[in-house]
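Protein chains in written order, with the numbering used here: chain A, 52 to 370; chain B, 8 to 308.
A couple of the hints might just be wrong.
Heads up, simulated DMTMM-like pairs for lysine to aspartate or glutamate below, C-alpha to C-alpha not over 20 angstroms straight-line [claimed, not checked]: (1) B:157 / B:10; (2) A:57 / A:241; (3) B:231 / A:285; (4) A:357 / A:285; (5) B:295 / A:159; (6) A:356 / A:159; (7) B:40 / A:159; (8) B:40 / B:281; (9) A:356 / A:228; (10) B:280 / A:285; (11) B:280 / A:179.
Just so you have them, the derived chain A footprint on chain B, three or more residues with Cβ under 8 angstroms [to be verified]: (12) 103-117; (13) 121-133; (14) 282-288.
Anything over 12 angstroms on all C-beta distances counts as not near chain B; from chain A, calculated [what the hints assert, rightly or not]: (15) 64; (16) 169; (17) 215.
Worth flagging that the hints you see were computed from the coordinates, not collected in a lab. Just so you know, even glycine gets a beta-carbon here, dropped at the ideal spot from N, CA and C.
Next come the chains, spelled out residue by residue.
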Amino acid sequence: MKFNRKRFYLAAVPIFFLVPLILNPYWVDVLNSIGLYALLGLSLNLIVGYAGLFNLGHAAFYAVGAYTSAILNTTYHIPILLLLPVAGLAAGIFALIVARPIIHLRGDYLCIVTIGVGEIVRIALINDVFGITGGANGIFGIARPRIFGMVIRTPHQFFYLIWLFVAITVFLFYRLEDSRVGRALNYIREDEMAAEACGINVAHYKLISFVVGATWAGMAGNIFAAKMTIISPESFSFWESVLMFTLIILGGAGSIEGVLLGAFLIIGLPEIFRELSNARMLFFGAAMIAMMIFRPEGLIPPVPKKYRVFSGTDRGETT
Amino acid sequence: MAEFLQQFVNGLAVGGIYALIALGYTMVYGVLKLINFAHGDLFTIGAYLGLTLLTSFGLADRVGPGVAVLLLVVMVMGFVAVIGIILERVAYRPLRNSPRLSAVVSALGASIFFQNAVMLIYGARFRVYPQNLLPKISLNLLGIYIPLVKILVLVVCVIMMVGLYLFIQRTTIGTAIRAAAIDQEAARLVGINVDGVITLVFIIGPALGGLAGLMVGILYGQIKFTMGWIYGLKAFTAAILGGIGNIPGAMLGGLILGVVEALGSAYISIAWKDAIAFCVLILILVVKPTGLLGERVAEKV
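The task is simple: from the sequences and hints, build the whole structure.
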């Protein structure tokens, strides 16, 4: 069976955007959570899936975005959706500062350092760093977002806000895959040494993917803050990072469809099996091990890219 | 000065525990080049097993405190070692030839599994160790008070570390472990049973980790199912600090980290205690990724 991406999206997207009409607010809210994690997963996928960097501290960038939005919104009353680029920028700059010295570290070392960064950020938030993060209680009273004078309040309204953002993200990330950066990352992931030998600045492209991924997580943080109106450090714990990481691995690292499926499974399934809520993390762990043994590439692995290769005459060899 | 010495001694006791856990990380990393994320949870399991043996079986009442502690040590180490062997068989052995990411994810999965298994069995709240296990005596030394428990913990840690060091350096089996850590293929060629070595590593590491868990229970009297995570990360920091794959390095790194942390929380801020360890970790990896005693430079990063 050949998967036709364009046809799939043309069929699935309109149906999906009609789904909330027949669901109650509770299930729409579940879909909203799935959307948020899909955003986070897609952003982390840039780092883990495309560049092959193990980042287990993604919640830190999510937190920076959320807190930036919350602080600016509550103190200066700037509409929260206007802060979307600011949140992204803050998270991106933070990622640049953090990642610049560590980007050359090998896989598992990078993994540990990002865990450390995530924990330091969380501890800093709890300790009310600079006196602006509200300590363990966090920040409350974040204004609800408005679009053209309409206040977004109900889960149904948030559904369209969140999933519109997801749709834009998916579209942009598909474009990114085929861009110069995407091709370079593809090469680096397949064979770092060969890529370096072909003149691709490996550290540079890794850094780009890291910063762009973090920027996107920051923007997801903005939407999270807008949705919750209260944020506190416990929303950005290590387990959030693990959740994002797991949904990518489960769905298929480097594959956008895979990440979307992963978000649905990891966030959606526990809602369906609520009675098992206590044991669900147990299954999670076991499933991670089983996946790695039996299907390490994930449920929907990325399709190998095909590029049109120009022959020598097409290029018009003149020399 | 007395305050400084007091904190220094406290740091040494905690550092000894970090060192014991770090040994498990460093040995597994040395042979398999894998960060065993589940190691911290083996430590937790050790602490909870100790609790079960003490409370449910009433070990201390049956045989008296001295023998009870000895029995506890042996039983906890044995149990956790068995879990370590199973862990390696189930979660790591099938992935021996897979990409590194797969093994790391599997390790994370194992960690989540253990942590939640402990939570489901023992509950999510703090559990308390029996308080009357060891006599509450403090030694007065140069104006500082050192509780007997801390001295015992430190002594046990030192005995274990020295024992392990001699075992690795002086015995044939120890030599085999070192050989397998340097080059698995070459070790196989000269007739070393590498699978056996890996199993052995997964006996020693978890046994020491479980022992560390037991000692944390006795030392602090309180255990929680999530504690393995933070202790594990700090112990890993200690292993990196000393140079991962290096056994004396893990001991040195553990002791240094414990002391730095104790002094840092006394003189800087207790609220930032956990952050200190992570700052040390990042600093070491950025500035000197091989650690204090690390050797094989080119492979590391």
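Against the structure, the hints:
Simply put, residue 157 of chain B and residue 10 of chain B have alpha-carbon atoms about 16 angstroms apart, close enough for the 20 angstroms limit, and the pair holds. The straight-line distance between the Cα atoms of residue 57 of chain A and residue 241 of chain A is roughly 26 angstroms, outside the 20 angstroms bound, and the hint therefore fails. A hinted pair counts as satisfied when its Cα atoms are at most 20 angstroms apart, and residue 231 of chain B with residue 285 of chain A qualifies at roughly 18 angstroms. Straight-line distance between C-alpha atoms of residue 357 of chain A and residue 285 of chain A comes to about 43 angstroms, which puts the hinted pair past the 20 angstroms bound.
A hinted pair counts as satisfied when its Cα atoms are at most 20 angstroms apart, and residue 295 of chain B with residue 159 of chain A qualifies at roughly 16 angstroms. With a C-alpha separation of about 27 angstroms, the suggested pairing of residue 356 of chain A with residue 159 of chain A is violated against the 20 angstroms cut-off. A threshold of 20 angstroms between alpha carbons decides the hint, and for residue 40 of chain B with residue 159 of chain A the separation of about 9 angstroms falls inside it, so the pair holds. Taken as a hint, the residue 40 of chain B and residue 281 of chain B pair is broken in the structure, with Cα atoms around 26 angstroms apart against an allowance of 20 angstroms.
For the hint pairing residue 356 of chain A with residue 228 of chain A, the CA-to-CA distance comes to about 9 angstroms; that is within 20 angstroms, so the pair holds. With a C-alpha separation of about 18 angstroms, the suggested pairing of residue 280 of chain B with residue 285 of chain A holds against the 20 angstroms cut-off. Note on residue 280 of chain B and residue 179 of chain A: the hinted pairing holds, with a Cα-Cα distance of about 15 angstroms set against a maximum of 20 angstroms. Beta-carbon proximity to chain A at under 8 angstroms applies to 12 residues in the stretch 103-117 of chain B; the threshold of 3 is reached and the given coverage holds.
Restraint check on the stretch 121-133 of chain B versus chain A: 6 residues with Cβ-Cβ distances below 8 angstroms, three needed, restraint holds. Counting residues of the stretch 282-288 of chain B whose beta carbon lies closer than 8 angstroms to any beta carbon of chain A gives 4, which meets the minimum of three for the stated coverage. Distance check for residue 64 of chain A against chain B: the nearest CB is about 31 angstroms away, which clears 12 angstroms, and the non-interface claim stands. Distance check on residue 169 of chain A: its Cβ comes as close as 9 angstroms (rounded) to a Cβ of chain B, failing to clear the 12 angstroms threshold; non-interface status is violated.
Every C-beta of chain B lies more than 12 angstroms from that of residue 215 of chain A, the closest at about 32 angstroms, which supports listing it as non-interface.
In this structure, the hints that do not hold are numbers 2, 4, 6, 8, 16, in rising order.
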